[in-house]
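S.K.: Okay, here's what each chain looks like letter by letter:
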Amino acid sequence: MYTTELKDKNQKSVTPVAAPEDPERLAAFEARVAADDFIEPKDWMPDAYRKTLVRQISQHAHSEIVGMLPEGNWITRAPSLRRKAVLLAKVQDEGGHGLYLYSAAETLGTSREEMIEALHSGRAKYSTIFNYPTLTWADIGAIGWLVDGAAIMNQVPLQRTSYGPYARAMVRVCKEESFHQRQGYEIMMALAAGTGAQKRMAQDALNRWWWPSIMMFGPPDENSPNTAQSIRWRIKRETNDELRQKFIDVTVPQAEAIGLTIPDEALKWNAERGSYDYGAIDWDEFYAVVRGEGATAKERMQARVKAWEDGKWVRDAAAAHAAKRQVREAAE
Amino acid sequence: MSARFDHAIRLGDDALILGQRLSEWCGHAPMLEVDLSLANIGLDLLGQATHFLGVAGEAEGKGRDADKLAFHRDVLDFRNCLLVEQPNGDFAQTIARQFLFSNWQELLLTEVAAAPDTALSDIARKSVKEVIYHCRFANEWVVRLGDGTEESRKRMIEGLDWMWRFVDELFDAKDGAASLRPEWDKRIATVLSEAGLEAPKPRRGTMGGRKGHHSEHLGHLLSEMQFLQRAYPDARW
Amino acid sequence: MNKVWPLWEVFIRAKNGLSHRHAGSVHAADAKMALEAARDTYTRRMEGVSLWIVPSAAIVASDPGDAAELFEPAADKVYRHPTFYVIPDNVKNI
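Protein chains in written order, with the numbering used here: chain A, 6 to 337; chain B, 7 to 243; chain C, 102 to 195.
Certain hints may be false.
Unchecked claim - Just the calculated beta-carbon pair ranges, DEER-fashion:
hint, chain 1, residue 1, chain 2, residue 2, range
1, C, LYS116, A, ARG37, 50 to 56 Å
2, B, ASP128, C, ARG114, 25 to 31 Å
3, A, GLY127, C, ARG114, 29 to 35 Å
As the list claims (entries may be wrong) - The list that follows gives simulated cross-link-like pairs (lysine-lysine, DSS-like), each with its CA atoms no further than 25 Å apart:
hint, chain 1, residue 1, chain 2, residue 2
4, C, LYS116, B, LYS132
5, A, LYS329, B, LYS68
6, B, LYS135, C, LYS116
7, A, LYS180, A, LYS251
8, B, LYS135, B, LYS192
9, B, LYS192, B, LYS68
10, B, LYS192, B, LYS160
11, B, LYS160, C, LYS133
12, C, LYS116, A, LYS329
No lab work stands behind these hints: they were computed from the structure. Quick caveat: nothing in here was measured; it's all calculated off a predicted structure. Built from N, CA and C at the ideal position, the CB exists for glycine as well.
My request is simple: use the sequences and hints to build the entire structure.
M.R.: Take a look at the structure:
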């Protein structure tokens with residue numbers, strides 16, 4: 006799922022430190038990346054590159070794991086056997102994506118335990134979108150359609166990101182992701198073509214999820230100081246605003262096709278630009294959610310911390326058993 | 007009610023209710039890898055439920071499909087065993103339930119797979135492969151928890167103790183499954199022995215699920231599961 | 102987590118005739134769990150017929166710093182490639 010370079014407005018960004026590092030190695034590294042070559046684990050890399058990647062990949066992983074919760078909320082209440090199975094498979098996929106990404110991050114020298122500790126302590130961020138509540142079944146449709154849609158827009162270019170394990174994880178993720186978006190849109194289609202109550206449910210979900218979804222692409226380009234460096238290092242392939250515009254342009258017709266209205270009065274096709282003009286985004290809301298003040302931020306963290314702490318005795322038991330086995334087998 | 011309906015509705019309800027219980031773990035398991043494993047088992051069971059309930063609906067001949075059966079019956083008409091509707095509890099309780107059930111289900115489905123009723127045997131044949139994996143998963147965890155730490159051993163004993171009263175129902179002579187008991191006993195004993203655990207002490211079996219007399223848990227489970235279809239009876243999803 | 106549940110690398114053979122390819126990693130307490138975790142994580146879409154799991158600590162990798170001495174000398178030895186040899190067109194099957 007999607008992650009952005011999430012920082013509080015006042016937090017310092019990661020600036021490149023070329024001075025203490027060998028200028029020759031740095032030049033060679035930059036040349037490789039510019040030539041579309043891949044950097045693999047244990048290759049020399051600038052410290053800033055490693056740090057940025059650990060943060061971006063692990064936050065992407067955390068987003069997938071936390072992302073299991075808003076949708077997981079509706080598995081037991083899914084309104085048909087097929088919807089239940091598809092949703093369970095989708096949420097399971099999200100867990101799997103988290104796994105691929107944790108796996109990629111570990112090749113950079115961090116560990117699963119360290120990353121989880123960072124998430125639970127609040128030091129590591131996850132995508133703001135998952136701090137919004139799922140109030141009705143229609144929210145599940147909206148999430149698949151809009152949130153996965155936004156994630157796909159971000160993830161497809163990352164298949165050629167410079168760090169090999171991250172790129173390969175993204176290839177796997179992208180293969181699985183398109184079913185996620187289709188699943189969501191299909192739910193919205195069924196609701197929009199359904200009873201009056203269902204139509205109302207669908208429109209209400211769109212009203213609540215639209216703006217948070219376009220905020221997923223991160224702050225406007227002028228407020229994203231690391232964009233140039235991230236693009237040069239191929240950690241990012243397009244800017245926040247470019248992706249946001251693309252997303253809006255493809256999604257508006259999808260809403261129109263099922264008779265739903267995007268909740269933006271300023272939304273208007275601009276023939277000159279060949280794109281939709283859209284209204285002002287409430288960036289105060291975005292930064293508040295990044296700070297941890299999102300509607301369900303406490304519930305999300307509580308759930309993750311509880312699962313981890315409640316599960317400690319299980320992890321300890323499995324480790325203890327494995328150790329006992331080893332001792333017994335060595336004695337034989 | 008035909009014999010095929012009776013048979014199919016039990017197989018379907020067992021799978022449906024246990025699938026529902028396992029899906030409650032999604033996002034809350036002790037380790038991400040375990041989350042995926044539990045979801046896989048849940049998905050297998052939901053698939054089985056859809057197939058078996060579909061056969062039941064056809065056998066009944068009143069136009070009810072699998073969804074109608076799943077979302078529009080009340081507790082008195084559910085035919086699952088009491089074991090599968092038990093709450094998840096902690097991980098040991100969940101493993102205890104899976105351990106006792108899957109080992110039984112594998113033996114049962116192997117028989118159904120060889121039976122002359124092709125509508126059911128085809129589904130059973132495919133399902134047995136899945137259930138063999140469920141047994142493997144559950145058996146290994148019983149051993150890890152039974153022979154892990156003091157705490158895990160205590161919880162594993164408690165989990166088995168909770169579930170044990172629901173074992174006799176699985177082998178109720180009236181259901182024709184009594185012949186599976188000796189083989190099941192052997193399997194269970196083998197795993198418990200490897201885990202360094204004793205079988206819970208014998209006790210009076212609690213029965214009733216097969217005739218619609220369930221535990222207090224099923225009503226709550228169905229309220230949650232059926233809410234949308236019940237609240238919006240004219241809607242399609 | 103590395104101390105409690107070690108890391109294992111996962112290799113999958115997509116179908117017979119192909120080699121095992123690296124797919125990623127899983128954390129597991131023992132080999133059986135690792136195999137099941139690998140199967141549940143990496144083969145949900147019928148991606149394979151065979152799995153290898155290897156404790157990550159057991160893998161010996163070449164050092165990228167040694168790439169020059171390990172791999173570049175091979176670049177000079179073009180006589181190992183069939184295209185180095187010129188055979189007249191009228192001579193077949195060689």
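S.K.: Against each hint, give a clear statement of whether it holds in the structure.
M.R.: Now the hints, each set against the structure:
1. Distance hint check: the CB atoms of C:LYS116 and A:ARG37 are about 34 Å apart, inconsistent with the given range 50 to 56 Å.
2. A C-beta distance of roughly 29 Å is found between B:ASP128 and C:ARG114, which places it inside the suggested range of 25 to 31 Å.
3. Roughly 42 Å separates the CB atoms of A:GLY127 and C:ARG114, a value that falls outside the hinted 29 to 35 Å.
4. Only pairs whose Cα atoms come within 25 Å are accepted, and C:LYS116 paired with B:LYS132 is accepted, the gap being roughly 21 Å.
5. Between the alpha carbons of A:LYS329 and B:LYS68 the distance comes to roughly 58 Å, so the proposed pair goes past 25 Å and is violated.
6. For a cut-off of 25 Å, the pair hint linking B:LYS135 to C:LYS116 stands: about 20 Å separates their Cα positions.
7. With a C-alpha separation of about 20 Å, the suggested pair A:LYS180 and A:LYS251 falls inside the 25 Å cut-off, and the hint holds.
8. Proximity of B:LYS135 to B:LYS192 is assessed by CA-CA distance (about 20 Å); at most 25 Å being required, the pair is judged to hold.
9. Taking the CA atoms of B:LYS192 and B:LYS68, the gap is about 42 Å. The hint is violated against a cut of 25 Å.
10. Restraint check for B:LYS192 and B:LYS160: satisfied, since their Cα atoms lie roughly 23 Å apart, inside the 25 Å limit.
11. Under the criterion of a C-alpha separation no larger than 25 Å, the hint pairing B:LYS160 with C:LYS133 is consistent with the structure, at around 23 Å.
12. For the proposed pair C:LYS116 and A:LYS329, the alpha carbon gap of about 36 Å is over 25 Å, so the pair is violated.
Going down the numbered hints, you'll see the structure goes against 1, 3, 5, 9, 12, while the others check out.
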